[in-house]
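Chemist: Note that the protein sequences, when read in sequence, are chains Y and R. Residues in the first sequence are numbered consecutively from 1, following UniProt numbering. Residues in the second sequence are numbered consecutively from 1, following UniProt numbering.
Check before you lean on any hint, since a few could be wrong.
[Unchecked claim] Derived DSSO-like pairs: lysine-lysine, alpha-carbon spacing no greater than 30 Å straight-line:
{"no.": "1", "chain 1": "R", "residue 1": "Lys523", "chain 2": "R", "residue 2": "Lys640"}
{"no.": "2", "chain 1": "Y", "residue 1": "Lys25", "chain 2": "Y", "residue 2": "Lys36"}
{"no.": "3", "chain 1": "Y", "residue 1": "Lys36", "chain 2": "R", "residue 2": "Lys728"}
{"no.": "4", "chain 1": "R", "residue 1": "Lys654", "chain 2": "Y", "residue 2": "Lys91"}
{"no.": "5", "chain 1": "R", "residue 1": "Lys660", "chain 2": "Y", "residue 2": "Lys58"}
{"no.": "6", "chain 1": "Y", "residue 1": "Lys91", "chain 2": "R", "residue 2": "Lys660"}
{"no.": "7", "chain 1": "Y", "residue 1": "Lys55", "chain 2": "R", "residue 2": "Lys709"}
{"no.": "8", "chain 1": "Y", "residue 1": "Lys98", "chain 2": "R", "residue 2": "Lys660"}
{"no.": "9", "chain 1": "Y", "residue 1": "Lys58", "chain 2": "R", "residue 2": "Lys728"}
{"no.": "10", "chain 1": "R", "residue 1": "Lys678", "chain 2": "R", "residue 2": "Lys450"}
{"no.": "11", "chain 1": "R", "residue 1": "Lys429", "chain 2": "R", "residue 2": "Lys606"}
{"no.": "12", "chain 1": "R", "residue 1": "Lys728", "chain 2": "Y", "residue 2": "Lys40"}
{"no.": "13", "chain 1": "R", "residue 1": "Lys728", "chain 2": "Y", "residue 2": "Lys74"}
{"no.": "14", "chain 1": "Y", "residue 1": "Lys58", "chain 2": "R", "residue 2": "Lys666"}
{"no.": "15", "chain 1": "R", "residue 1": "Lys709", "chain 2": "Y", "residue 2": "Lys98"}
{"no.": "16", "chain 1": "R", "residue 1": "Lys666", "chain 2": "Y", "residue 2": "Lys98"}
{"no.": "17", "chain 1": "Y", "residue 1": "Lys94", "chain 2": "R", "residue 2": "Lys654"}
{"no.": "18", "chain 1": "Y", "residue 1": "Lys98", "chain 2": "R", "residue 2": "Lys678"}
{"no.": "19", "chain 1": "Y", "residue 1": "Lys94", "chain 2": "R", "residue 2": "Lys709"}
{"no.": "20", "chain 1": "R", "residue 1": "Lys708", "chain 2": "Y", "residue 2": "Lys58"}
{"no.": "21", "chain 1": "R", "residue 1": "Lys708", "chain 2": "Y", "residue 2": "Lys55"}
{"no.": "22", "chain 1": "Y", "residue 1": "Lys98", "chain 2": "R", "residue 2": "Lys728"}
{"no.": "23", "chain 1": "R", "residue 1": "Lys709", "chain 2": "Y", "residue 2": "Lys91"}
{"no.": "24", "chain 1": "Y", "residue 1": "Lys94", "chain 2": "R", "residue 2": "Lys666"}
{"no.": "25", "chain 1": "R", "residue 1": "Lys666", "chain 2": "Y", "residue 2": "Lys91"}
{"no.": "26", "chain 1": "R", "residue 1": "Lys709", "chain 2": "Y", "residue 2": "Lys58"}
{"no.": "27", "chain 1": "R", "residue 1": "Lys708", "chain 2": "Y", "residue 2": "Lys91"}
{"no.": "28", "chain 1": "R", "residue 1": "Lys708", "chain 2": "Y", "residue 2": "Lys98"}
{"no.": "29", "chain 1": "Y", "residue 1": "Lys94", "chain 2": "R", "residue 2": "Lys708"}
{"no.": "30", "chain 1": "R", "residue 1": "Lys728", "chain 2": "Y", "residue 2": "Lys91"}
Note that these hints are calculated values from the structure, not bench results. Bear in mind that the values here come from a model prediction, so they are computed numbers and not experimental data.
Spelled out, the chains give:
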Amino acid sequence: MCEFSRQEFIEGLQMLGVDSIDKLKYLLPSLRAELKDEHKFRDIYNFAFGWAKEKGQKSLALDTALGMWRLLFKERPWPLVELWCQFLQAKHNKAISKDTWSQLFEFSRIIDPSVSNYDSEGAWPYLIDEFVEYLRENQSLEACTSGA
Amino acid sequence: MSQAKKKNFKIEPFKHKVEMDPKYAEKTWKILEDAIHEIYNHNASGLSFEELYRNAYNMVLHKYGEKLYSGLVNTMTQHMREIARTVEAAQGGLFLEELNSKWCEHNKSLQMIRDILMYMDRTYVNNFNKTPVHELGLNLWRDNIVRSPRIRDRLLHTLLDLVHRERTGEVINRGLMRNITKMLVDLGPTVYQEDFERPFLDAASDFYRVESQQFVETCDCADYLRKAEKRLNEEIDRVTHYLDAKSEPKITAVVEKEVIGNRMKLLVEMENSGLVSMLIDDKYDDLGRMYNMFHRVSTGLQTIRDLMTAHLRDTGRQLVLDPERLKDPVEFVQRLLDEKDKYDKIIQLSFGNDKTFQNALNSSFEYFINLNVRSPEFISLFVDDKLRKGLKGVSEEDVESVLDKVMMLFRYLQEKDVFEKYYKQHLAKRLLSGRTVSDDAERSLIVKLKTECGYQFTSKLEGMFTDMKTSRDTMQGFNATLAGSETNEGPTLAVQVLTTGSWPTQSGARCNLPTEILSMCDKFKQYYLSTHTGRRLTWQTNMGTADLKATFGNGNKHELNVSTYQMCILCLFNKADRLMYREIEQATDIPASDLQRSLQSLACVKGKNVLRKEPMSKDISEDDVFLVNDKFSSKFYKVKISTVVAQKESEPEKQETRQKVEEDRKPQIEAAIVRIMKARRLLDHNNIISEVTKQLQARFLPNPAVIKKRIESLIEREFLERDSVDRKLYRYLA
Chain Y
1 MCEFSRQEFI EGLQMLGVDS IDKLKYLLPS LRAELKDEHK FRDIYNFAFG
51 WAKEKGQKSL ALDTALGMWR LLFKERPWPL VELWCQFLQA KHNKAISKDT
101 WSQLFEFSRI IDPSVSNYDS EGAWPYLIDE FVEYLRENQS LEACTSGA
Chain R
1 MSQAKKKNFK IEPFKHKVEM DPKYAEKTWK ILEDAIHEIY NHNASGLSFE
51 ELYRNAYNMV LHKYGEKLYS GLVNTMTQHM REIARTVEAA QGGLFLEELN
101 SKWCEHNKSL QMIRDILMYM DRTYVNNFNK TPVHELGLNL WRDNIVRSPR
151 IRDRLLHTLL DLVHRERTGE VINRGLMRNI TKMLVDLGPT VYQEDFERPF
201 LDAASDFYRV ESQQFVETCD CADYLRKAEK RLNEEIDRVT HYLDAKSEPK
251 ITAVVEKEVI GNRMKLLVEM ENSGLVSMLI DDKYDDLGRM YNMFHRVSTG
301 LQTIRDLMTA HLRDTGRQLV LDPERLKDPV EFVQRLLDEK DKYDKIIQLS
351 FGNDKTFQNA LNSSFEYFIN LNVRSPEFIS LFVDDKLRKG LKGVSEEDVE
401 SVLDKVMMLF RYLQEKDVFE KYYKQHLAKR LLSGRTVSDD AERSLIVKLK
451 TECGYQFTSK LEGMFTDMKT SRDTMQGFNA TLAGSETNEG PTLAVQVLTT
501 GSWPTQSGAR CNLPTEILSM CDKFKQYYLS THTGRRLTWQ TNMGTADLKA
551 TFGNGNKHEL NVSTYQMCIL CLFNKADRLM YREIEQATDI PASDLQRSLQ
601 SLACVKGKNV LRKEPMSKDI SEDDVFLVND KFSSKFYKVK ISTVVAQKES
651 EPEKQETRQK VEEDRKPQIE AAIVRIMKAR RLLDHNNIIS EVTKQLQARF
701 LPNPAVIKKR IESLIEREFL ERDSVDRKLY RYLA
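Using the sequences and the hints, build the whole thing.
Modeler: The following block contains the structure:
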């Protein structure tokens, strides 16, 4: 997982016009800034799945996925990322499919943190349906305990 | 009269008529006037029709038509007024009679007068657009008598009063009534309608409103309906006898509204006598009457239907969820069939086989049968019971009718695939234990299922029958080879060879077969594999039976019919007198739960306890010791101890079957999704769900969440993908 081939490494840096560490350092902030663009972010996000998983596997191991998510969502904050990771560890404990991975991004983009605009008929993957349920249970729990 | 004098070819134009002498006109009129008087005074016999006609003719011809006409009007009016006074003076009951007789006379007089004045009717009246004589006579009658202020109201009240009295049981003069109403009709349609009919209908409305209120408070539902029917018939009768036919629909509408329409809900919901109790007590006549009466009112039948449906669903739900009933599956199903029969009969006898009621019945049954998830299992158990013993000695037609009823219940099931699973299990047990009452009956049911659900449903079942037949042939061949060989002694073996795919899946059953039969079993295996290479045979030891001849210590000899497991256990006692549980377990290698069940049925059941157990407790424990029960006795030579009979599943078994069903459903759902997407190429989520549901509904109702998971699985396996622009769309990947 997370491998670059030599070819890819060289070609990639060539395209960036980088041939020294200093030049790379110099470029990093602007590269980071690119992530602010939604489309670019999506491309990188989706690429990350294929790149992070083991060769020959169809799905991404959970631990790797969690790490990746935390990493990616640092650049583009999503308030529910920790809860999502918590939920997966508690309830799912299995590898992540490609569809779930890509749909999660859409979820973070479209649905607001209070999940008030979540549409249960919205063709979301089953795992995300469960996540929303998990959130709602915990919200009401919080409401109970805070009320008491 | 003058004539033109003839001149030489000169014809003079007609210059002027010779007028009638006015005094002559007056004289002529007088003659006629007198005649009219005489006519009205019943003295017409002395008059000459010819003379009067001629006089009238002359008057009109000489342009005195107007005088004639106005004279007529005046004279008749005068007479009308006289008649009015006479009628007004009449007392009590004589009022109507007087009116009636005067009316008859008037008509006669009018006819005569019209005949006399016929020329005027045809010429003067037409030319000057006057009312013809007959009509004039009627109008004058109407205006001066019937609508005279002193007669009008009195007439109406008299008539209404008579009707009311008749309604309360008195006998009235119907002939007289008829004449009067006919008079009103003759006087013009509006006269009858406005002067009589409308108030009549209003009075009827009031009357029935009050009466129905009384009835509702004092009668029960059936009684009320009988009274209502009676009243309705009375009113129709009334119209036939003395009202205008056009009043019939109007008066029946009034009765229907007041007596039925406004009371419907109350009637139907009456405690202890309303619709529900009628249904419970099979009151066919009362229900039929209710149907006929309510049919007349626009929402009547719907009222009945709605309450019937609610009651049926309620009863059905109680039936189906009552824990007591669930203890005996056969009883449970029988009760359902009885309920259906009951309502079929009601709909046939009382509701005229009304289709809407049939539909209501069907939808109710469909609703509550599916409230209990075990319904499919129970229906299969019912069939099993019938095919094993219930239909013994029953005629072919009756067998067909029972099977048809079962099919009818089957159609109501939502989870038909669950039924299929149980049916297969039960059929397997029936076939293998040879306990089916009639092969024909079995096949007949398979055919019915095939017709209902298609070839796919029954192909495996038919495979089972084929296996049985093939096995019989195989056995013939095997026994033939035995006959030739040396060892003709030894146990008789009957083998059924089952094709794995067709028969219900078994968890790997194994045990050590007793030595007494091992050699025979191996011989068979050899024989079979010699003729069918490339196949693998595994003994299914949990499905077999054996007949053992046993001699007990007390000298009793019996033939014991036992399961294969039980045979393994019993044969051990050929070599040992007492055995511990653990020894038996080790020697036979039978799985623990099956072993315990078998031992229990051999040692702990009264009348079948061929073994003795120490200690004599009801349950089997691992420290128990078993011995042959030398004191065993039974009044039958052949004793049946086998446990291979279809029965209601225990909780864990039920869970297992349920799981298998769910597993089986997954590929079916996926196949449906793929079929649909292949045809449509691009489809959104909700539409896939509804299409899949529609395709599978003949077998079961798929859960949308399960469908979603299958879609995701198909995406994972790259059969489908999400559209890049609209995430709710899926695309088929060829």
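Chemist: Does each hint fit the structure? Answer for all of them.
Modeler: How the hints compare with the structure:
This hinted pair checks out: Lys523(R) and Lys640(R) have alpha carbons roughly 28 Å apart, not beyond 30 Å. Taking the CA atoms of Lys25(Y) and Lys36(Y), the gap is near 19 Å; set against the 30 Å cutoff, the hint holds. Of the supplied pair hints, the one linking Lys36(Y) and Lys728(R) holds, its CA atoms being roughly 26 Å apart against a limit of 30 Å. Simply put, Lys654(R) and Lys91(Y) have alpha-carbon atoms about 27 Å apart, close enough for the 30 Å limit, and the pair holds.
With a C-alpha separation of about 27 Å, the suggested pair Lys660(R) and Lys58(Y) falls inside the 30 Å cut-off, and the hint holds. In summary, the hint linking Lys91(Y) to Lys660(R) is supported, as the alpha carbons are separated by about 24 Å, within the 30 Å threshold. Proximity of Lys55(Y) to Lys709(R) is assessed by CA-CA distance (about 25 Å); at most 30 Å being required, the pair is judged to hold. Between the alpha carbons of Lys98(Y) and Lys660(R) the distance comes to roughly 29 Å, so the proposed pair stays at or under 30 Å and holds.
Restraint check: the Cα-Cα separation between Lys58(Y) and Lys728(R) comes to about 23 Å, which is no more than 30 Å; the hinted pair holds. The suggested pairing of Lys678(R) with Lys450(R) holds, with an alpha-carbon distance near 28 Å, which does not exceed 30 Å. Restraint check: the Cα-Cα separation between Lys429(R) and Lys606(R) comes to about 25 Å, which is no more than 30 Å; the hinted pair holds. The hinted pair formed by Lys728(R) and Lys40(Y) meets the criterion: a straight-line CA distance of about 22 Å does not exceed 30 Å.
Using a Cα cut-off of 30 Å, the hinted pair Lys728(R) and Lys74(Y) holds, with the two alpha carbons roughly 28 Å apart. Distance restraint check for Lys58(Y) and Lys666(R): the Cα-Cα separation of roughly 21 Å lies within the 30 Å cut-off, and the hinted pair is therefore satisfied. As the CA atoms of Lys709(R) and Lys98(Y) are separated by approximately 14 Å, the hinted pair is consistent with the 30 Å bound. Between Lys666(R) and Lys98(Y) the CA atoms are separated by roughly 21 Å; this keeps the pair inside 30 Å, and the hint holds.
Distance check on the hinted pair: Lys94(Y) and Lys654(R) sit about 29 Å apart at the alpha-carbon level, within 30 Å; holds. Restraint check for Lys98(Y) and Lys678(R): the C-alpha separation of about 22 Å stays at or below 30 Å, so the hint holds. For the hint linking Lys94(Y) to Lys709(R), the alpha-carbon distance of about 15 Å falls within 30 Å, and the restraint holds. Between Lys708(R) and Lys58(Y) the CA atoms are separated by roughly 19 Å; this keeps the pair inside 30 Å, and the hint holds.
At roughly 28 Å between alpha-carbon atoms, Lys708(R) and Lys55(Y) fall within 30 Å of each other, so this suggested pair holds. As the CA atoms of Lys98(Y) and Lys728(R) are separated by approximately 16 Å, the hinted pair is consistent with the 30 Å bound. With a C-alpha separation of about 16 Å, the suggested pair Lys709(R) and Lys91(Y) falls inside the 30 Å cut-off, and the hint holds. Distance check on the hinted pair: Lys94(Y) and Lys666(R) sit about 20 Å apart at the alpha-carbon level, within 30 Å; holds.
Pair hint Lys666(R) plus Lys91(Y) holds up; C-alpha atoms about 23 Å apart against a cutoff of 30 Å. For the suggested pair Lys709(R) and Lys58(Y), the alpha carbons sit about 17 Å apart, so the restraint of at most 30 Å is met. Between Lys708(R) and Lys91(Y) the alpha-carbon distance is near 19 Å, which keeps this suggested pair within the 30 Å criterion. Restraint check for Lys708(R) and Lys98(Y): satisfied, since their Cα atoms lie roughly 15 Å apart, inside the 30 Å limit.
Only pairs whose Cα atoms come within 30 Å are accepted, and Lys94(Y) paired with Lys708(R) is accepted, the gap being roughly 18 Å. Between Lys728(R) and Lys91(Y) the CA atoms are separated by roughly 26 Å; this keeps the pair inside 30 Å, and the hint holds.
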